[in-house]
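J.: For reference, the chains in residue letters:
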Amino acid sequence: MQGLWDFWAAYRSTLAFAIVNSFLALSTYAVLSAGILSFATVTYAAFGGFLGARMVLATGIDPMLTLPAAALAGAVLSYLVALIFLRLESHWMALASLALILITRVIVINIPVVTGGVNGMSVPLPVSLELLAVLIALAALVFWRLSVSWYGIAAQSVREDTAVASSLGIAPRKIQTIAFVISGAVGGLGGMLLAGALQFISPDTYFVNIAFTMIAGVVLGGSYHWTGVIIGAAVFTALPVIAQAIIPEFQDVANGIVLLLIMIFLPRGLVDPRAIRLRNKFQLPVAQAIKDTSSTKLDI
Amino acid sequence: MSETGLPQSLLEISAVGKNFGGVAAVSELSMVVQTGSVAGLMGPNGAGKTTLVNLISGLLPSDSGTIRLADVEIQRSPSHVIAELGIARTYQNVRLFSGMTVLEQVMAGCYVRRGTSLWASFLGLPKARAARKAVESHALELLDRVQLANRAHLLAETLSYGEQRRVEIARALGTSPRLLLLDEPTAGMNAQESNEIGKLVHSLRDGGLTVLIVEHNVQLVKDFCDHVTVMNFGRFLADGTPAECIAHPDVQAAYFGKTTDAERIRTLR
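Those protein sequences? They're chains P and S, same order as listed.
For the record, in the first sequence the residue sitting at position 78 is 81 according to my numbering, with numbers rising by one throughout.
For the record, in the second sequence the residue sitting at position 4 is 906 according to my numbering, with numbers rising by one throughout.
Read the hints as simulated data drawn from the structure, not as lab findings.
Treat the hints with care, as some may be off.
Unchecked claim - Straight-line distance between alpha carbons at most 30 Å, and here's what the computed DSS-like set of lysine-lysine pairs gives:
1. Lys177/P with Lys1029/S
2. Lys1101/S with Lys1124/S
3. Lys1035/S with Lys177/P
Remember, predicted model here, so these are calculated numbers, not experimental data.
Isolated chain S (complex conformation) (with noise of 0.2 Å):
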């Protein structure tokens, strides 16, 4: 146990396989995300990231092996579950809900600790009122923490591409989790928007939060994780520091193919 009193590792999966037909998107991988940490998780195109997060999130049901949160099996639990549980998400592609503003998508994301019961709320009764207040002042704040508290009554689908990026962030912050999932959250951003959302990643694990990031953005993982997992083929490829992954020879082979066959090819030639 650390010094808080939770777990060290906040998230335990363990032979984790995921099969679409005869494909084995995710086999037998492994891995640990400490508590209060920012681990990534690597690899090429197709490796099976996103799989893997679907599979953590409760999104797709996995066929074998076991995740814990926090000690507490969550394999068989439908998403919503996991999501009372403590694990939140962004997705690859930015999937915001139409026809809402960007205070109400926020407002969405904290359904799960509106304070108050549906009955009450359709009555209208004070308590309700109040902790409807309390919840829109909470999706405010964190409106402010992703700087977009002045565009929270605008609709969401008009902000930029990157804006709405960070309101998907704040959705899911509105959960109140324990664990963050971030798949590609830099996914189409420069390189200082990039560094924004780590900065932000970074104050979220300063604040307590555990972050998973799938990233592809190399110097991103580089500067703002603690702790890497790659993958390839829908299998664990290395872990350890982001120093230690890059340098891994079969993470290089993965990402630029093997030094082999570049010498295969020179001799030939």
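In isolation and in its complexed conformation, chain P is listed as follows (with noise of 0.2 Å):
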């Protein structure tokens, strides 16, 4: 009892950086999901991040309003995102939402005022591991419904085949402002709380070391479910942490190997729903469906 005592006292902190990575790679996965590659999550992120520690330190208001005061933040800067990426080629928007990482980190090295510059700033926001088990429980719920309703129809049919989508009326603009939107507001919320999570932040808190952590979970965990997503942001946090204390030569190679291995053998990542469906019950009948086949004729 004891040594599951100490092992969850070891593992706690790991675990909230799981939670909050999952946010990050929750924000990738909305776009993701309407068939956009956009790295700007880094960018909502240092927004929400930055501003809700600055609104505690400023006005000293509960810091639980600075949590949707980032989700806020973030869609509203998304949006104005969404106006200039969904002018762009795909391949284009990927590369242009790197060049906002790089402006992003510019602009919070000079406003001092605001982020501390180089220096960072202290974030007096405890964020509780009980605290981050439900937003997460709260986002999820938010993604699942999300997948379930006719935007998650709209989104999948547009990520698939945005021409297609398009001739069967779904505006595909309008379904990928609302997932910039919907990634917008997830990144903001999630930089607030890493900013809470690790009590201090600096320019360099939100820069490519973040993208490569969610666009490896999404990678890991897979890029068509939500489920998958947390599960591969939460075992790319953990795997370093683990690797460092059974094999410590291997911590820093962990995540690359790992990587590597997935895009080998799962290259749909851990939890691919049309794998599953494959396998699953529906298929069974799939003999029986066959033999209906060479057998049915259209009488109209």
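Work from the hints to combine the two standalone chains into their complex.
T.: Right under this line is the structure:
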């Protein structure tokens, strides 16, 4: 029992960071599920994190109020980003989002009044594991509802074939703008939670390292279902920590090796609804269905 | 106006043109599709038939000319607006969404007729749930119409080629169109399957739908189209009844080469 307690104490913070990274990965998934590869989550996170932290320091408001504020700020910013990005072809959009990360860093460094500049700033927002658990449960609920709603069908159609989706009356730009706004809200909230979990933020907090973690989480877990993204982010957060405890030499390369293995052997990630559907009960009557096909004739 | 109150010409294409660089894929082309008819669009490979269908459905913007659907100009409208106005289409190569079941594909087609807002659907409000159930029943009816109701919960990509083509038709019907564009619906099918598609098209016409078929299969055009337009090198070549068009010397020349060429070769020998 004591051993279990020690394990929990040692890995409690890992779990907290796994949840925070899940938010950032979900933000990336939100746009990816509508056919857009964008790293702009880093910018939303920075906006949410610095804005929330500054709000607490400057006004002394209840830190809990900064969470919806960060989400709202991320959503507004992402809407503005969508207005520009959705004019670009998909590959240019991905490159533009990388450029946005670099621009974000320069802005963060050059407005020390708000961000603390290169020295960064401390964040008086204690984020408990219980709060994180509640928030990720809420996020899961939102993504589940999105996936089973008309938005989910429209987003999947746009991702699979934008032109065909459009010819069915689905407005791709509208769906992708909604995806951007969801990504911004989740990313802004994730940025604020990251600030709270670290208790200190600087320009280095919101940089390409986050982009790598969130993309790796999406690739590992699978970009076709939101549960895979949470699993992927959790695994990528925990892996280096566990590796350090078991084989310290393996720590630095653990993520890279796992990512390579996943891309080679499970290119659609750990959670692949298509593969599950191919195996599930609906496919059991296939033999019967094929038999029926051979004798089916249209009689109209 | 027809007896149904609809204009007699549902689709009017007037002097439409489309260039790709220096190549005129469609040039000064005009044609009319009558309400409640099965119209055919024929022409040899590279004649510009699919480009014309892409222009009608808004997948490509036209460079010149006008396209009217029931007197509404649509040549500048985006594809999704044209779909809402009542034009649905299928594709030369089957383009179903990967990872979706047959029923989900058809439900995606019913998106414009979902009868609820995205927000209400997200919240799962009772009204939205009822509307979704109604759409699901409608999608199943459409699948039943193309004889695929028993495949509703299978992944569409696991179906045979002919079945996938029928799913595509059911998906297009989901938008409740006034005009259905079928781009080579029988490509890769045997005679019996082609005949079944022809019967399906007739039943849709009898239900009040107007259909424009792009087709290579001369027999199918002859058997199932009320009126045919033939194009070649992006230009109008002939129109009339299927028999008239097939007998037209310019059409025969476009498909089989000029008789005079054959005579010249014979003379040289």
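J.: Can you give the numbers of the hints that this structure goes against, from lowest to highest?
T.: none
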